[in-house]
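Got chain A; can you put chain B on it based on the hints?
Protein chains: 2
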Amino acid sequence: MAREITAFSNPLVKRMRNLRDKRHRREEGLFLAEGLRILTEAREAGKLPQYLFFAKDSASHPLTRALVAETEAAGGEAIETNADILSKLSGKDNPGAVVGVYPEFTVDLSDLNRDSAGIWLVAERLRDPGNLGTILRTADAVGAGGLILVDDCVDPFSVEAVRASMGALFTVPVARARWEEFRDWLRSGPGQLVGLSLDTDHHYRAPDYPAPTFLLTGNEAQGMPEHMAAECDVLVKMPMLGKADSLNAAVATAVMAYQVLDRQQR
Amino acid sequence: MAREITAFSNPLVKRMRNLRDKRHRREEGLFLAEGLRILTEAREAGKLPQYLFFAKDSASHPLTRALVAETEAAGGEAIETNADILSKLSGKDNPGAVVGVYPEFTVDLSDLNRDSAGIWLVAERLRDPGNLGTILRTADAVGAGGLILVDDCVDPFSVEAVRASMGALFTVPVARARWEEFRDWLRSGPGQLVGLSLDTDHHYRAPDYPAPTFLLTGNEAQGMPEHMAAECDVLVKMPMLGKADSLNAAVATAVMAYQVLDRQQR
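Sequences listed follow chains A and B, in order. Residues 9 to 274 in this note's numbering are what the first sequence spells out, letter by letter. Residues 9 to 274 in this note's numbering are what the second sequence spells out, letter by letter.
The hints are simulated quantities; they were obtained by calculation from the structure and are not laboratory data. Do not rely on the hints blindly, as some may be mistaken.
Any copy will do: because identical chains look the same in the list, a pair fits if it lies in one copy or spans two.
[As the list claims (entries may be wrong)] Listed next, the in silico DSS-like pairs over lysine-lysine satisfying Cα-Cα at most 25 Å (straight line):
(1) K55 with K251
(2) K100 with K30
(3) K22 with K251
Isolated chain A (complex conformation):
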């Protein structure tokens, strides 16, 4: 039976609201996700929240009912609440019908099976949570084996990243590693590392991109450092016909990922 919380001053609401802050996420090992669509993706991927906040007026929605039932069956707590509290939790003026609080999960490099997928995405020092979430969403779409976050990337469990991922955070394995760890792991098995560069004439549609291909995306402002570019087995460039010399990081990653997918599907 779901308990009801309608007071802003409720200690659990205060604690969960703090999860929008990275420091509190680290301390609690929990993060927030919102919206029926994303929480349903999570449920279908076998991920259930520790706390499920749902709006009273959405309680009869079949997807809400399924979330409540399965959350409680798995030992989590379902909490009936109102739009104001959902708004406070999610930070959105128009919150979805549900907010879930989940334990954080990442995988170790050693847990990744590189033979399980033809494409792997790798991002180094990514700064923008929207880009990170969007890259996860693309990873899901191209069937990537996972996303490997190298060095100091923005937190994949931030509200903005979770939102932009549209649920892919729950379905795509995410690993975090220092560059040296990643490089050593990469070189311990088959696979080529592919990077975008301005300093090459190698057109991105030319290579074959055999599986597994690891696509490295550099920092939004600076691109990848020289020593990472030097480690790449293949450097390619995309046509840039306008005034600018770069694309948005999530866009460049997606165009490359679909090129690799097309090559591997031929």
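Below, chain B alone, put in the same frame as chain A:
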């Protein structure tokens, strides 16, 4: 000679800060852009600000000096200020060295020369300013003739859209039209309309995409309405191998745009 403003209460600062709000942009016909990189893109595209705010400590930077000199020569006003006021204007904690205030500019459909480019981007009811700016950035990169915003799209002159465009707002023509106007204009000359759809088996790499191709991107949450899909000459789908059935709108637009570019460059 640049005047100096260091008081938050200065009426011009207050007025310009209000430009972060859409209603004020409409009333004034002005918008904000920030950062040396974006303002320099604008300058190189022949667009100079009506007001240029620059940090005292960046006054000696060659790009700042060029902006100040050309702004004043063109009849605009250069205003020396501090980081606090730049932060107030841009809404960013770490503002760039410059903020420019520009007159809004869009073009009419009738001013677009469809023979001037092989690719044109069209977006309908786009909601996210970051997506709009990112699509402009992609439009620049693929050499698109322009971006046509159909029906009620988010404002391309919002601070977020300008920022995400990385200057492309100043180099890529932007037109706004109702769907019926756009359709009539489109059918008054050569060109095919291409849309993404879930209801087709036509792989996006199959068609030839002759110039000019108009790529239609639908609303982020709902995709394009049935009557727009029915108007498309070509409907294609992209492989979606994961749990989700759609990509981020800016990502999907970019993957399609690069596919069209590749076909047209063969």
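Hint by hint, here is what the structure shows:
1. K55 with K251: between (45 Å within a copy, 14 Å between copies)
2. K100 with K30: both (18 Å within a copy, 19 Å between copies)
3. K22 with K251: neither (48 Å within a copy, 33 Å between copies)
The structure does not agree with numbered hint 3 stated previously, though it agrees with all others.
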